[in-house]
Amino acid sequence: MSAMLLNKDKWPEFVGKLSGKVWVPKVEEGEAIRFGPLSGEESKLPEYCNTRVPPKEIVFPETETLYCFQADEHEMTAPEIDERKIIIGIRPCDARAMKIVEKLFRWDVDDPYYLKHRELVTLVGLACNAPGLNCFCTSVGGGPASTEGLDIIMFDLEDRYLLETITEKGEALLKEVEGLLEEAGQDVLAQKEKLIEAAENKISRSVDTEGIAEGLPGLWEDPLWKRVSASCLGCGTCTYLCPTCHCFDIQDETEGFEARRYRTWDSCMFEEYTRHASGHNPRPTRRERTRNRINHKYSYYVDKFDLIACVGCGRCINYCPVNIDIVEILRQVKEAL
Amino acid sequence: MTDKPRIGLYVCHCGINISATVDVDAVAKYAQNLPNVHVARTYSYMCSEPGQALIKKDIREQGLNRVIVASCSPRMHEKTFRKAVQEEGLNPYFLEIANIREQCSWVHEDMTEGTAKAKKLVASAVAKVRLLEPLESTEVDAEPAALIIGAGIAGIQAALDIADAGFKVYLVEKSPSIGGRMAQLDKTFPTLDCSACILTPKMVDCASHPNIELLTYAKVEEVDGFVGNFTIKVRKKARYVDVDKCTGCGECAKACRLANRITSEFDEGMGKRSAIYMPFPQAVPAKYTIDPENCLMLTRGKCGKGPKCEEACQAGAINFEQQDEIVEFKVGAIIVATGFDTFDASRKPEYGYSNYPNVITGMEMERLVSSSGPTGGDIKVFNGEEEIVPKEIAFIKCVGSRDASVGNEYCSRVCCMYTAKQAHLLREKIPDAKIRVYYIDVRAFGKGYEEFYDRVRRENVRYIRGNPSEIFKRGKKLVVKVEDTLTATPLEDEVDMVVLAVGLEPRADMREVMDLLRLSQSGDKFFMEAHPKLRPVDTATDGVFLAGCCQGPKDIPDTVAQAKGAAASAMVPLASGKVTINAQVATVNEATCRGCGYCVSVCPYSAIELVTVNRFGHELEVARVNEALCKGCGSCSSVCLSDSIQPKSFRDRQILPQIAALGGTR
Amino acid sequence: MSEDFEPNIVAFLCNWCSYAGADLAGTSRIHYPANIKVIRVMCSGRVNPLYVMNALQQGADGVLVSGCHPGDCHYMEGNYYARRRLGIFKDLLEFVGVDPRRFHMSWVSASEGHKWKEVVEKTVEDVRAAGPFEGFRRRQIDW
Amino acid sequence: MDLEQLRKTAAEVVAKDDVKYLIGWKKGTYGYRVSPVFIENEADTEDLIFSPLCTANLVTYLTLVEKPPLPRGQKPDTRKVALMVKGCDSRAVAQILVEKGIEREQIIVIGCPCPGVIDVNLLVAKYPEVAENTELKWSGEDFVLIRGGEEIPVKREEVLAEKCRLCRYPNPVVSDIMIGEPVKPWQTEEDTGVSELEGKNVAERWEYWEEQFARCIRCYSCRNVCPLCYCEDCILDRLNPTWINRAVNFSENTAFHIARAFHLAGRCVECGECERVCPVKIPLGRLNRKLAREVRDNYGFEPGLDPDGKPFQASYKPDDPEDFIL
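Chains as they are written, first to last, in the numbering used here: chain A, 194 to 530; chain B, 106 to 771; chain C, 3 to 145; chain D, 1129 to 1454.
Take the hints with a grain of salt, since some may be wrong.
Stated by the list, open to error - To give a feel for the contact side, a few chain C residues facing chain B, derived at Cβ under 10 Å:
#1 12
#2 19
#3 47
#4 52
#5 57
#6 71
#7 73
Claimed, not checked - Calculated from the model, a selection of chain C residues having no Cβ within reach of chain D, i.e. all distances over 12 Å:
#8 6
#9 7
#10 8
#11 29
#12 31
#13 32
#14 35
#15 106
#16 113
#17 125
#18 130
Said to hold, decoys possible - Covered, in the sense of this in silico footprint (three residues per stretch, anywhere, with C-beta under 8 Å from a C-beta of chain D), are these stretches of chain B:
#19 700–707
#20 715–724
#21 746–756
Just so you know, the hints here were simulated from the structure itself, not pulled from any lab data.
Cβ coordinates follow ideal geometry from the N, Cα and C atoms, glycine included.
Bound-form chain A, shown alone (with noise of 0.2 Å):
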């Protein structure tokens, strides 16, 4: 595996040689809220810590059509997903997210759309120098410098780029900017070391996980679960801002005889999420959403896959709008153990 550095000055050649549609964090409002495509006037990435919404769109997005069919007829055609895509600038987290949630959509059936999408991209990371205010990557099995589920990992170095190669698929995309690059010495790779340590070091958030999963079950009617959901509004916020959040909604459009049928994303933390035709809610209150945002998060998932489903990158915390914390609920989870 290589490790090559890329001038800041180059960076429009370089994303302008990559075979595939480049996505990167797109500035809207002042803040890099999204992924986008690349319009061709950007000169470099901007300033971001992570974006709002996170890239898990790009693989999963929010509305995917499965079908398209005509009433009274059998056929149906599904859409050709065929684009190959680069994700320059994802963050560790949101690329780990990618590679827990691809164990979901492997398990029991294939979901050829989801596995279609992750096969046509690559995606070419960004580490952490300065990860946020409430990342707590590192107490979920990650790090600002994690390379899990990467195809590239880019280290900012002031003026420049590394670039290493994780994957064969990264390897192939490098060689497509091979003149753009040079070999990185290993003073930069002792430099590296650093802002990884020191990015680790800024992280100040944690979460003790040793127990919740195996303990969760057992806080089922726990007091807990009413006092931190009192003050939650039911949006979804949390979940389609979380990287690992993946529950989508299956529903049918029609015009005239024409129809299609797609999936949408969903959130546990709607009432209607758990709805019965017959009008009866298994989760009948904001109490047992939240409880089942951390159960699944935090025990189902390991559960499952041995994995937790959450990878620290404070979204569902920075952007609730009444201050749900999940690393508070946590604690008081641990506590109540």
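Fit chains B, C and D to the given chain A structure using the hints.
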């Protein structure tokens, strides 16, 4: 929901009314491919017996459960087809009409456009009919009584017919006496019956009829409820005369300090009366009334040393303390017979009505020629200098009718004939008079009318075709400036008197009645009937009917005929004792209603109330609809934020697919 | 914009005045453009302003709502509520950037067949000038 | 604001048998955050705060509580709920009372005259957030930041929330108990967010909103946080009829936002919560404030002032504007 929809679609040619602009076969072929359409056919006249039979046969043989007729407006034949499908056992509300005639073939010229639009309209109907729900009509008892507003000949006739049939009638009249306009007339055309002689007996019948309650000098103030169950409030204005004591002797009027000093409305301003008065000698009820606008006692609080009338009244009937009285009652039907105003001739200043006393209106002529009129039937006019018997007389027709410049484009239908009648009466009174009639056209369409007109012409009444442009004074004479359009001769006709044959107009105060009963006006501003041909006495408000000139100008025979028609229609609910409640009422989804009461605020019929329900242990308020009061307007549903209240047959889930069908580019 | 663009306009008419007025235009053979397609409702008060939005979303280039003149509503007040709600909705549409020419409201009585024609002509003319509405049409979205 | 008085009053309120809990604000878990808190016993009233960081409108919780089916025989808990309100929040109480969303006697309103709260984004941009919880206080006309024992003055205009710049009702319009003295209303600024857009032509406005709505992820936080969006079954969630498809795309998003704004026309009290909570920073307040302005200027109507008033959309005046009618 019932079974899967199986739609039968029938496209009507309507002779060539539709098929000339819409390719009906193409529409049917297109519809055949729409979802759930099982059969699509065309036929020359769907509303005909064989047309309906076609639908019925298909329902029977093809198991249709929904029907669409693409034809004329639903306002024409929706009921016809509802009945047809119902006869085959289908719920009558499983029917939808696509209006491809009034709103398509008749208003578009291009076949391609017309056909394309008709297809969309049909698709929209398909989208809706699939989602319609079966509705059941309910019946409620009808109050066996009628209210009649206005007691002219129309109101009187309708009242007598309904009362004779055994129903209670409340006959409300604004003025102190019933009788209306007809009481002012002298003779009636073409038979020359004395108007009073044929009207008075009917007036008396009204007064004495056990089923008729006369509410004269009264006004309807409130109307609530719906067909079969109207609640009426009437204000009986104070007469300041105890009608139970008043004998109608008239001593009070003679004694009144203002005797012969107040202009008489009945005599069209040409005669005088007292402040206490009976409008005319044959008034019914034959009771006196004090005019509160003129009576010294009522306007100034004192009348000399004491009111003379009070002094003169042997019966002690005068009561200055009398108050208005509110009467409340229930009726099942209402007839509006509020009559007309005559055209105000001063709106045609070129005819000098305001300037020359010897320019008079037709209505004034009626009083002048009447033996009970202000001159005792002598034809005398003041020419500005002296009172004369006019020897040269001109009639001008169509004053205020057929005249866009005053906003009346319609023909008033009576002026031609009353002019002929008055010319005849003048000829009788002044045999040597020169009488000329200026006309645009002569319309003598009724039974015996043309014959009468011929007779009058033979009586040396000269008809000159021409619409006078001006009347002015020259010496003692009036000059009528006109062009004889048959000979293209300009004329200046010097006369002693001009009679303006003024037309009929809607009453100035009709707005009050419109607001009370939710009536609308047609283009001529008279009350609008439900259908100009097929429902000429009905209105858009169920249970409210029209009689006489309030619906449009009419002569007496037509007025009486319409009054009888209105009476017959009004008696339908009264006789059956039941009215069917509109099935397309609003309904509440109590599971989603949040009890905010927005619908309660907007409902014009107070048909919605909030009630407390128990939803799985929680007490909540939700809206509930009183179906007997609901008219199905749907205002409640568009103000409802949670879409919890919806009018049946016009639910959002039925309308949105219609929008999709019309909007979609397919 | 294309010369031969024929706007597709959805109209909501109250049963008692405007629908009857449109019928009268038909009975009187008053010709007007075929771009307008009518959905009959009992009262203009029934027209949920979201219908206007929905029509624009489902492929209409313009929308017309017509009811009885103020004071003439068969249900007494429905048109007043409609006026208020649709008035404020029109402000909203305009603020969001929907060309105000796309949405009109009118009072047409049962006797105003001629006025109906004028209203239709004005609406069609305005929507034609505003052009095809691709704005947020559902089918613009790639399935 | 006298916190002692607040806590004492709150303790008295929650001590009552017929009070279920008191909804107030407490310090959040980090940085500038403040968290809504539901206090059931006297001891916990010590957590209560009222500061320029208390942006959240707690009125939304009055109608947010679910009513799941009760086991047979069980009576619902109908004890009163007490809550703290700022001026803007109190207008939401008034409007909910107009709509019978809650009964007046079921709530105890603790009014908190409010000199204005901050926009946390502005504050963070100027004074970066740290992990430790940081206090911000009113200080004369301005604010003061208390961090590591140090007091840092913060200029009001630097960090004041947009809704507060436009605020005309800093004092609660509905309350049972008022904490502290009323504040003097200040000169409001021009609503530049709205007027700038009004200054554009329709095509430019469309372009502007297109970009905004395209970004929406339909998390429904704007709806859920709104104290006046409290239908148990929102029509925009419903599938029969489908007003809005679930699909997240520009068409459905736009329809969603138009419908949401319309449902709040004549109801929105301009508390600014929808805009504050939006995770993708859509300036939703502009839509609501535009309509509030039209309603005020053209219909002479302001919601949330009179609990006994009439609802805007369910009333009319014969002389309502009709210049738009053909």
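Discussion item. Between the stretch 700–707 of chain B and chain D, are there enough contacts, at least three residues with CB-CB distance under 8 Å, for the coverage claim to hold?
Written reply: Since 7 is at least three, the answer is holds.
Worksheet entry | Hint check: 10 Å Cβ-Cβ cutoff, residue 57 of chain C to chain B | Constraint on residue 57 of chain C satisfied, holds at 5 Å.
Worksheet item: Regarding the assertion that residue 106 of chain C does not contact chain D, is the least Cβ-Cβ distance greater than 12 Å?
Response: violated (5 Å)
Fill in: Claimed coverage, the stretch 715–724 of chain B by chain D - three or more beta carbons nearer than 8 Å
holds (count 6)
Discussion item. Would the non-interface assignment of residue 8 of chain C survive a Cβ cutoff of 12 Å against chain D?
Written reply: Non-interface label stands for residue 8 of chain C: nearest chain D Cβ at 21 Å, farther than 12 Å.
Worksheet item: Minimum Cβ distance from residue 71 of chain C to chain B below 10 Å?
Response: Residue 71 of chain C check passes; min Cβ-Cβ to chain B is 9 Å, inside 10 Å.
Worksheet item: Taking a Cβ-to-Cβ distance below 8 Å as contact, does the stretch 746–756 of chain B have at least three residues touching chain D?
Response: holds (count 4)
Worksheet entry | Distal placement of residue 32 of chain C relative to chain D, Cβ over 12 Å | Correct as stated: the minimum Cβ-Cβ distance to chain D is 17 Å, above 12 Å.
Item to complete: Run the C-beta distances from residue 113 of chain C to all of chain D and say if the shortest one exceeds 12 Å.
Response: Non-interface label stands for residue 113 of chain C: nearest chain D Cβ at 17 Å, farther than 12 Å.
Item to complete: Under 10 Å, Cβ to Cβ, is where residue 19 of chain C needs to be relative to chain B, so tell me if that hint holds or is violated.
Response: holds (7 Å)
Fill in: Claimed clearance of chain D by residue 6 of chain C, with the beta carbon kept past 12 Å
About 23 Å separates residue 6 of chain C from the closest Cβ of chain D, which puts it past 12 Å; holds.
Worksheet item: Once the closest CB in chain D is found, is it more than 12 Å from residue 35 of chain C?
Response: For residue 35 of chain C, whose nearest Cβ neighbour in chain D is about 15 Å away, the distance exceeds 12 Å, so it holds.
Violated hints for the displayed structure, listed by number in ascending order: 15, 17.
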